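Novice: Using the sequences and the accompanying hints, generate a full structural model.
Protein sequence lines correspond, in order, to chains A and B.
In this text, residue positions in the first sequence follow the working numbering: the first is 302, and each later residue adds one.
In this text, residue positions in the second sequence follow the working numbering: the first is 477, and each later residue adds one.
If you are wondering where the hints come from, they were derived from the structure by calculation, not from laboratory data.
It is possible that some hints are incorrect.
What the hints assert, rightly or not - Simulated pairs of lysine-lysine, BS3-like, Cα-Cα distance not exceeding 25 Å:
hint	chain 1	residue 1	chain 2	residue 2
1	A	Lys-519	A	Lys-472
2	B	Lys-580	B	Lys-570
3	A	Lys-529	A	Lys-519
4	B	Lys-479	B	Lys-580
5	B	Lys-581	B	Lys-497
6	A	Lys-388	B	Lys-549
7	A	Lys-311	A	Lys-472
8	A	Lys-490	B	Lys-521
9	B	Lys-521	A	Lys-472
Source: prediction; values computed, not measured.
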Amino acid sequence: MVFDIQYAIKQFPVILSAAPMTLLIASVSMSVGIIIGFFITICRMYRVPILNHLALFYISFIRGTPMIVQIYVTFFGIQFFFDAIVKHYGWNVSSSVIPVILYAFAAFSLNAGAFLSETIRSALSSVEAGQMEAAYSVGLSTVQAMWRIIIPQALVSALPNFGNAFLLLIKGSSLAFAVMVVEILSKAKIEAGAGYNYTENFVVASVLYWMICFVFEKVFVFLENWVKRYKREITL
Amino acid sequence: VDKGQQEAAFSVGMGSIQALKRIIFPQAFAIALPNLGNTVIQLFKETSLAFIIGVNDIMGEAQLIIARGYGVKQFETFIAVSLIYWGICIAMEKSFYSLEKMYKKGHKEIGGLPRRNRPLIPQQATGYAIAVASSKDSKDNH
Numbered sequence: 302m303v304f305d306i307q308y309a310i311k312q313f314p315v316i317l318s319a320a321p322m323t324l325l326i327a328s329v330s331m332s333v334g335i336i337i338g339f340f341i342t343i344c345r346m347y348r349v350p351i352l353n354h355l356a357l358f359y360i361s362f363i364r365g366t367p368m369i370v371q372i373y374v375t376f377f378g379i380q381f382f383f384d385a386i387v388k389h390y391g392w393n394v395s396s397s398v399i400p401v402i403l404y405a406f407a408a409f410s411l412n413a414g415a416f417l418s419e420t421i422r423s424a425l426s427s428v429e430a431g432q433m434e435a436a437y438s439v440g441l442s443t444v445q446a447m448w449r450i451i452i453p454q455a456l457v458s459a460l461p462n463f464g465n466a467f468l469l470l471i472k473g474s475s476l477a478f479a480v481m482v483v484e485i486l487s488k489a490k491i492e493a494g495a496g497y498n499y500t501e502n503f504v505v506a507s508v509l510y511w512m513i514c515f516v517f518e519k520v521f522v523f524l525e526n527w528v529k530r531y532k533r534e535i536t537l
Numbered sequence: 477v478d479k480g481q482q483e484a485a486f487s488v489g490m491g492s493i494q495a496l497k498r499i500i501f502p503q504a505f506a507i508a509l510p511n512l513g514n515t516v517i518q519l520f521k522e523t524s525l526a527f528i529i530g531v532n533d534i535m536g537e538a539q540l541i542i543a544r545g546y547g548v549k550q551f552e553t554f555i556a557v558s559l560i561y562w563g564i565c566i567a568m569e570k571s572f573y574s575l576e577k578m579y580k581k582g583h584k585e586i587g588g589l590p591r592r593n594r595p596l597i598p599q600q601a602t603g604y605a606i607a608v609a610s611s612k613d614s615k616d617n618h
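Specialist: Structure (structure tokens):
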């Protein structure tokens, strides 16, 4: 068995065509994850009675189970409850009408939400309480103070972790093959299955993941410097 | 671990290997434990991917059970799998936590001790217990 480099180069654009799906999964679940994480953080910081305990339970579950199991649980769970509701109301649809990409979005968003909530919590607590008091003293409301004073400062310490989480999501999205979403790894598998060229296709897929992660690492370094721009002025 | 720890160990006549074994390593281990615990737990979760290449782990067994039942009750099977992983992870977390507490026995943090147990001389309450403090001394402080 030899490594056919001509074939690998030929396969590169074919597998690249699945890259948008990978990026879509990563960016959608990152955005939804930030919203979930922020909501959880607020619930935990202000000790909202029931939601606080629910959040702890949720974080513990997500951190204690592997990603692939979470994907399967979301996949079969959504189908299970959808079918149960349909049966209860006697509608004439089945769970096969749900597009598979939605399962991937749900699973990855829930996963990202739990991990990002820890990041967001540490970022928000890195801003000292005096900032909030100062914002109150000039007459800002809590929401205004959060949005204008606390979050811009918290972003400075949160962004490196966000970058890490995003890279983990890009790599984690390769597990979406379990729910039949065609992203980079699934595409490579399909292509490999056609002619048994597993080595070439998987090498191409790995190079592609590497390149994407490399680009996003640079992007996040740039963003980090951008949010730090006010901080730099103070130290000068 | 502070360099002073090694110097203190040398000053009481320990060799460098002895100092490493008795003084440096226990403290370094206590510091490394939380990260070590995280890595072990992560690795454990990642073993769930081994079923892809045909290793018969928890996930592989679940897939076999589902295949044997012709694909019914998949949701229930995966709920069971997640509960198993969750339980093992919680047990690992707890045991790493107790291990950490065991190795940090002689380690005093600022304000870490209950008020009644704080030493009377304030300087002693900060930093690590000095190397010469035997385990007997640190027991007295707790």
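Novice: Give a verdict on every hint.
Specialist: Comparing the hints with the structure gives:
no., hint, verdict
1, A:Lys-519 <-> A:Lys-472, "16 Å, holds"
2, B:Lys-580 <-> B:Lys-570, "15 Å, holds"
3, A:Lys-529 <-> A:Lys-519, "15 Å, holds"
4, B:Lys-479 <-> B:Lys-580, "18 Å, holds"
5, B:Lys-581 <-> B:Lys-497, "17 Å, holds"
6, A:Lys-388 <-> B:Lys-549, "17 Å, holds"
7, A:Lys-311 <-> A:Lys-472, "23 Å, holds"
8, A:Lys-490 <-> B:Lys-521, "24 Å, holds"
9, B:Lys-521 <-> A:Lys-472, "16 Å, holds"
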